[in-house]
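Asks: Could you put the whole structure together from the sequences, leaning on the hints where they help?
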Amino acid sequence: MELVVEPSEKVSGKISPSPSKFCTQFATAIGLLAEGKSVLKSPLVVDDTRDLAKAIETLGATTKRSEKTWSVWGNGRKLNPSGQVLDAKKSIISLSLLASISSLIS
131 MELVVEPSEK VSGKISPSPS KFCTQFATAI GLLAEGKSVL KSPLVVDDTR DLAKAIETLG
191 ATTKRSEKTW SVWGNGRKLN PSGQVLDAKK SIISLSLLAS ISSLIS
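Residue numbers (our numbering): 131 to 236.
Rather than coming from a laboratory, the hints here were simulated on the basis of the structure. Be aware that one or more of the hints could be misleading.
[As the list claims (entries may be wrong)] Dumping the calculated EDC-like pairs for lysine to aspartate or glutamate here, alpha-carbon to alpha-carbon at most 16 angstroms: (1) Lys-151 <-> Glu-132; (2) Lys-220 <-> Asp-181; (3) Lys-151 <-> Asp-181; (4) Lys-208 <-> Asp-177; (5) Lys-171 <-> Glu-187; (6) Lys-208 <-> Glu-165; (7) Lys-167 <-> Glu-187; (8) Lys-220 <-> Glu-165; (9) Lys-219 <-> Asp-181; (10) Lys-208 <-> Asp-178; (11) Lys-219 <-> Asp-177; (12) Lys-184 <-> Asp-217; (13) Lys-171 <-> Asp-217; (14) Lys-219 <-> Asp-178; (15) Lys-167 <-> Asp-177; (16) Lys-219 <-> Glu-197; (17) Lys-220 <-> Asp-177.
[Said to hold, decoys possible] Pairwise CB distance ranges (calculated): (18) Ser-148 <-> Asp-181: 46 to 52 angstroms; (19) Ser-226 <-> Ser-148: 21 to 27 angstroms; (20) Lys-198 <-> Glu-139: 44 to 50 angstroms; (21) Lys-219 <-> Ser-148: 19 to 25 angstroms; (22) Ser-230 <-> Ser-138: 14 to 20 angstroms; (23) Gly-143 <-> Asp-217: 21 to 27 angstroms; (24) Ser-172 <-> Ser-230: 40 to 46 angstroms; (25) Asp-181 <-> Pro-137: 48 to 54 angstroms; (26) Val-134 <-> Lys-171: 35 to 41 angstroms.
Please read all numbers here as calculations on a predicted model, not as lab measurements. All C-beta atoms, glycine included, are put in the ideal place defined by N, C-alpha and C.
Replies: This is the structure in structure tokens:
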């Protein structure tokens, strides 16, 4: 059997990666540090990601979350902690992100 592969004129398509806990947590944290609105499409909605979203609200972010899309309104690096406990629950990823971000509070 012989297989011949010919060059293509154009390749196009759309890739929708599977939701990822790490990517959802990382993007949520980046949304806190960004100016204005950040939109996360297809977040992985599990306890760890929901808990981090609640935690960034205590640092001044606003979130709106549904099963398919999360929106995060950040204030840039102007964090505004509420004075509430910053709880990472049992997520080491959330803990490391929150510890790093908390070091920016003056």
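Asks: If a hint holds in the structure, say so; if it does not, say that too.
Replies: Structure-based check of all given hints:
1. Lys-151 <-> Glu-132: 43 angstroms, violated
2. Lys-220 <-> Asp-181: OK: Lys-220 and Asp-181 at ~9 angstroms, within 16 angstroms.
3. Lys-151 <-> Asp-181: 12 angstroms, holds
4. Lys-208 <-> Asp-177: Violated: Lys-208 and Asp-177 sit about 27 angstroms apart, past 16 angstroms.
5. Lys-171 <-> Glu-187: Violated, because 19 angstroms separates the two Cα atoms, which is more than 16 angstroms.
6. Lys-208 <-> Glu-165: Holds, at about 9 angstroms.
7. Lys-167 <-> Glu-187: With a Cα-Cα distance of about 14 angstroms, the restraint between Lys-167 and Glu-187 holds, given a limit of 16 angstroms.
8. Lys-220 <-> Glu-165: 28 angstroms, violated
9. Lys-219 <-> Asp-181: Given pair Lys-219, Asp-181 holds - Cα atoms ~7 angstroms apart, limit 16 angstroms.
10. Lys-208 <-> Asp-178: 24 angstroms, violated
11. Lys-219 <-> Asp-177: The hint holds at about 9 angstroms.
12. Lys-184 <-> Asp-217: 9 angstroms, holds
13. Lys-171 <-> Asp-217: Not OK: Lys-171 and Asp-217 at ~25 angstroms, beyond 16 angstroms, violated.
14. Lys-219 <-> Asp-178: 8 angstroms, holds
15. Lys-167 <-> Asp-177: Roughly 23 angstroms separates the two Cα atoms, so the pair is violated.
16. Lys-219 <-> Glu-197: Status violated; Cα separation ~21 angstroms.
17. Lys-220 <-> Asp-177: 10 angstroms, holds
18. Ser-148 <-> Asp-181: 46 to 52 angstroms: 21 angstroms, violated
19. Ser-226 <-> Ser-148: 21 to 27 angstroms: 23 angstroms, holds
20. Lys-198 <-> Glu-139: 44 to 50 angstroms: 34 angstroms, violated
21. Lys-219 <-> Ser-148: 19 to 25 angstroms: Distance hint for Lys-219, Ser-148 holds at roughly 23 angstroms.
22. Ser-230 <-> Ser-138: 14 to 20 angstroms: Given about 44 angstroms between the Cβ atoms, the range is violated.
23. Gly-143 <-> Asp-217: 21 to 27 angstroms: Once the Cβ atoms are compared, 41 angstroms apart, the range 21 to 27 angstroms for Asp-217 and Gly-143 is violated.
24. Ser-172 <-> Ser-230: 40 to 46 angstroms: 25 angstroms, violated
25. Asp-181 <-> Pro-137: 48 to 54 angstroms: With Cβ atoms ~49 angstroms apart, the hint holds.
26. Val-134 <-> Lys-171: 35 to 41 angstroms: Holds, at about 39 angstroms.
The earlier numbered hints that this structure contradicts are 1, 4, 5, 8, 10, 13, 15, 16, 18, 20, 22, 23 and 24.
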